[in-house]
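Chains as they are written, first to last, in numbering that gives the first Met the number 0: chain A, 0 to 660; chain B, 0 to 275.
For the record, the hints were derived by calculation from the structure and aren't laboratory data.
This one's a predicted model, so the numbers in the text were calculated from it and none came from an experiment.
Take the hints with a grain of salt, since some may be wrong.
[What the hints assert, rightly or not] 25 Å max Cα-Cα, derived BS3-like pairs, lysine-lysine:
| # | chain 1 | residue 1 | chain 2 | residue 2 |
| --- | --- | --- | --- | --- |
| 1 | A | K457 | B | K93 |
| 2 | A | K436 | B | K93 |
| 3 | B | K184 | A | K440 |
| 4 | A | K436 | A | K98 |
| 5 | A | K573 | A | K480 |
| 6 | A | K480 | B | K184 |
| 7 | B | K184 | A | K428 |
| 8 | B | K93 | A | K346 |
| 9 | B | K184 | A | K632 |
[What the hints assert, rightly or not] For the chain A half of the interface with chain B, some residues (derived, Cβ under 10 Å), not all of them:
| # | residue |
| --- | --- |
| 10 | V351 |
| 11 | N353 |
| 12 | D399 |
| 13 | F432 |
| 14 | L446 |
| 15 | S450 |
| 16 | T478 |
| 17 | D587 |
| 18 | E607 |
| 19 | P611 |
| 20 | K630 |
| 21 | N634 |
Even for Gly, the Cβ is constructed at its ideal location relative to N, Cα and C.
Listed below are the residues making up each chain.
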Amino acid sequence: MSKFLDTQFSISGIANFDIGDSYVQYNLVDFEYFTGNLKDPTNLSGLYAWFNLDDLNNLEFDASGRIYKWYNNAVGHQIGQDLNNYSTIENRPFYDQNKNCVTCKSDLSKYSVNSLYTTGDGFVGFLTGDRCWFVVYEFDDLRQGNYGASIKPNIATIIDTDLYATTYTTSGFLGVSGNNEIYSWNTAVPSLSQQFIINATGAAENSPLNVNSCFSASKVLKNKNIVSIIKNNTTNNLRLRNNGYELLNVTSNHFNSGCSGLMMGAAQNAHPSQNNLYNYDASNISYYEILGFAKTPTDDDILAVEKYLFEKHFTNDDGLYICKSNFTVSDYRYSPINITGSQYLTKEIDSVFNKTYGCSASFSTKAERMNYGDNYFTNVIPNINNLNSQFNLNYDGLTDIQAKCLIGFFQNTFEYTPKNIVDSYENVKIDLFFPYKNNSKIYFSDLQYNSVEANLNKISIKCESAYDSSLDYRGFQVTGKDVTSFFNETKSYFKNDVVYYNTNAESQKGYYWYTGIDNTIPTHTQRPSGANSLFTRSFYFQPELDFEIPISPKFTKTEFNNSAAAYENYGINKTNLEFTYNLSNRSDKETEAILKFLDSNAGFKIFEMTLPAPYNKLINVYCPEWNHSYKFKNNHDLSVKFIEFKGLTESDIYFNTLIKL
Amino acid sequence: MSKFIKYENLDFRINSETFYSTSVKISLRSNIQPVLLADGSLLRYAPQETVVGSLSTEFYLTGSLPNYLNIVNSSESSINCSFGGVSVQNCYVKSINFTASQFSPILLSIDFDWYGKINSVNSTYNLTNKSIGGPSGPTGPAVQKLTQISHSNNSYISDLSNVFGFSEIFSYSYNESCDRVPFYKNGEITPFRVAKINKAKAVSVDGNYFKKSNILDIEGIESICDIYLKDYNNNLLNTFSISGRLDSRSLNIDSNGILQSTMAISQRVAPLRSSL
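With these hints in hand, go ahead and build the complete structure from the sequences.
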């Protein structure tokens, strides 16, 4: 087990990730980045470069908030061995407080790239020969290099240590290059994939140099990477490791003693000068930590330092994974943080399990009702996120091994390391179901397991949305493109279309629902604010034929000991309706429109509705709670509770204060 | 003038293997419900389930029963059926039964649910009695004769637990069945799994008077029997086994008939969960 205790699980048989072991689909695999202890960089001799973000004081910011210095934290380093950028502001990188990293961007329109670099002599004189670099970085994207006379593969720099090279030029460079969606120059890597390159000359043209490792990195590059460069200057041996897997082990002049500076940032590939034309295909890159040692560490030391970086920067990338298909771990490429392993091991249950019909959602307001006389009241909203939402995710038709896997995954989510100081465990990213958000951040609350028959199981998981806010202009949970588009006066509309009407008149701004005939382009007067508008903000959806609207008037009953009770009128508003509509068997479109209506009214806003016959009266209501069940394709059940609200409009405000003498 | 198609023989195939089928029926139904609104208007007809089809066929077995027609095993995968220029995809077998009575060929009957599509296919197979792979079934001889179809002449039922008590068996029937339950991913109408539940076997036997005293118990009577299904030439085609409980008996006689006794054995097939 890695970081958790076996006692937290109600299931058995969780496998450890080990080289040589085989796993079958739906196995739960506990991944730990090597099993040895980590080693703090200060406990390893030869540390000459240590750029970390443990303390924001390690950075210096200019007046615009950009970084012009990243201090070297290695003991005994010289001023010239800090990373600097004293050039124009637009060439300086940013600090990303959400990810705690230094982000270098490139801007083709300004022909600018962000970078930091040592000045003066760099590490010349400090290094005697052997060296190694450990870099934790992340590419935000990988652009195509289609600038210049012809389309060329991109080249994106990770580090460049050649700044002050004297013996060998162009030999201390590490970057990536490869194919894009337009063309594949390098047949050694798949389309859209990248490979690491340590010699940018002719990097990923038709015949890449042998020294460039053919390692498809495109998917992993979307995530954080630990890249380790180990150079033995005596034997000229060069090793390149990525996320624990050794990509390259060759005799090579690259990264030899002549390469003693350090530049990090987006491209600016000064060497291969012939590539200047498409320097600006540079990809945005972020750095989390950089370590440099003037030695060739032992294998154990390499693992220990890599583990130090992994534990520090790869939050929740260890622990329990789900096996997507059968495989055998022949080497560390199969770890889930590498591209090969990521094809077999995942933490995303949406890619492994099917949510089935029967998923449901319930919403309720946190509003507190404050009662006044005469049946008047007001809703007090206690906080800015007024709505409670709870989802019930249905996983039916599971085999035994699938059920076990899902139960284990569920229990493991309570072990995720938090990314903020408020929670003690991290939320789960999951796709909800139609018409709710995808990639929603939820917390599981409970799991209901039902055994149907041998090898047939059903699991329902309740979960809560913690971070969604009804203050979001797109809405709370129903935020799809279909229901958040602006009104377009040239577009044809169909019944139950939802538009956002943006106008200078504040009272007319907001969501509207189209109630006219299908396939109509509204005229000027039929637009949302028009005199003959085909749009409404009233609740126009009709309930089932067998609806119920009970009437329970308030009155005062005074009991006497020795007499009959006295009945007295309760003020001027005796009746406040409180009723529930059942809207069953509704189509996807109508359901989305209804839920958008309720979502946008956030559980407390007052809106109009006309009661069905025999009432036929326009009243003001609000909806404090509603439920939705996804029954079958294009078939949904909803139940919506309404409470009548008096006193909103002038016509309803009636004070019986006439004094008769 | 209208055109009619007359099938002299049915070119019925399962997974491209030809069966000597005497009849095939397919049907399909959608499950919809009218939605009436408060003002009395009809909003729509709402789908409650996907379009479910049923397919049933009767055929003579001429070789061993293919594994995909085994009802009670763990395989839940679908098969494709085709006949008369129609191909039906994603069929899920749910029952098989047959009856053996004296001097009669044995006709097996199978029922399927299906959730797929119907496609038109060429049906150009030459279904002559000699060339048909059909009567031969999937694994039977290449050139088939009607003497090689499943027949009660040499087929028999073996009362291994000695509970029948008949001296003469007039006929017997065998049934294997299960319920198929489809599961759909949200937004889909084709199931990702059609599980087998309630797997059961049943045998009923007609015979003469049972010469036993203790003929039934409150927990039934343990009964194990095998049915050896053979062709007319005494070649064994398939063996069917049941290990269940004898749970009913009856005795019938009328003025124009003979005294006849019937008994039934049922078995709930209970596969163990695998130890994970």
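The hints, checked one at a time:
The straight-line distance between the Cα atoms of K457 (chain A) and K93 (chain B) is roughly 22 Å, inside the 25 Å bound, and the hint therefore holds. With a CA separation close to 39 Å, the supplied pair K436 (chain A) and K93 (chain B) exceeds the 25 Å bound. Between K184 (chain B) and K440 (chain A) the alpha-carbon distance is near 21 Å, which keeps this suggested pair within the 25 Å criterion. Among the hinted pairs, K436 (chain A) with K98 (chain A) is consistent with the structure: their alpha-carbon atoms are about 23 Å apart, no more than 25 Å.
Taking the CA atoms of K573 (chain A) and K480 (chain A), the gap is near 44 Å; set against the 25 Å cutoff, the hint is violated. Proximity of K480 (chain A) to K184 (chain B) is assessed by CA-CA distance (about 22 Å); at most 25 Å being required, the pair is judged to hold. Straight-line distance between C-alpha atoms of K184 (chain B) and K428 (chain A) comes to about 19 Å, which keeps the hinted pair within the 25 Å bound. Taken as a hint, the K93 (chain B) and K346 (chain A) pair is broken in the structure, with Cα atoms around 36 Å apart against an allowance of 25 Å.
Simply put, K184 (chain B) and K632 (chain A) have alpha-carbon atoms about 9 Å apart, close enough for the 25 Å limit, and the pair holds. Below 10 Å, beta-carbon pairs count as interface contacts, and V351 (chain A) has none with chain B, the closest being about 12 Å; its hint is therefore violated. Interface restraint check: N353 (chain A) against chain B, minimum CB-CB distance 4 Å, threshold 10 Å, status holds. Restraint check, D399 (chain A) versus chain B: the minimum CB separation of about 6 Å is within 10 Å; hint holds.
Hint status for F432 (chain A): holds, given a least beta-carbon distance of 5 Å to chain B, under 10 Å. Interface restraint check: L446 (chain A) against chain B, minimum CB-CB distance 17 Å, threshold 10 Å, status violated. Here the hint on S450 (chain A) is kept, as its CB sits about 9 Å from the closest CB of chain B, short of 10 Å. This hint is violated: T478 (chain A) has a C-beta 18 Å from the nearest C-beta of chain B, more than the 10 Å allowed.
Checking D587 (chain A) against chain B: minimum C-beta separation of about 9 Å stays under 10 Å; hint holds. Interface hint status for E607 (chain A): violated, as the beta-carbon distance to the closest one in chain B is roughly 17 Å, over 10 Å. Taken as an interface hint, P611 (chain A) checks out: its beta carbon lies about 4 Å from the nearest beta carbon of chain B, inside 10 Å. This hint holds: K630 (chain A) has a C-beta 8 Å from the nearest C-beta of chain B, less than the 10 Å allowed.
For N634 (chain A), the interface hint holds, since its Cβ comes within 10 Å of a Cβ in chain B; the closest pair sits about 5 Å apart.
Hint violations for this structure: numbers 2, 5, 8, 10, 14, 16 and 18, all remaining hints satisfied.
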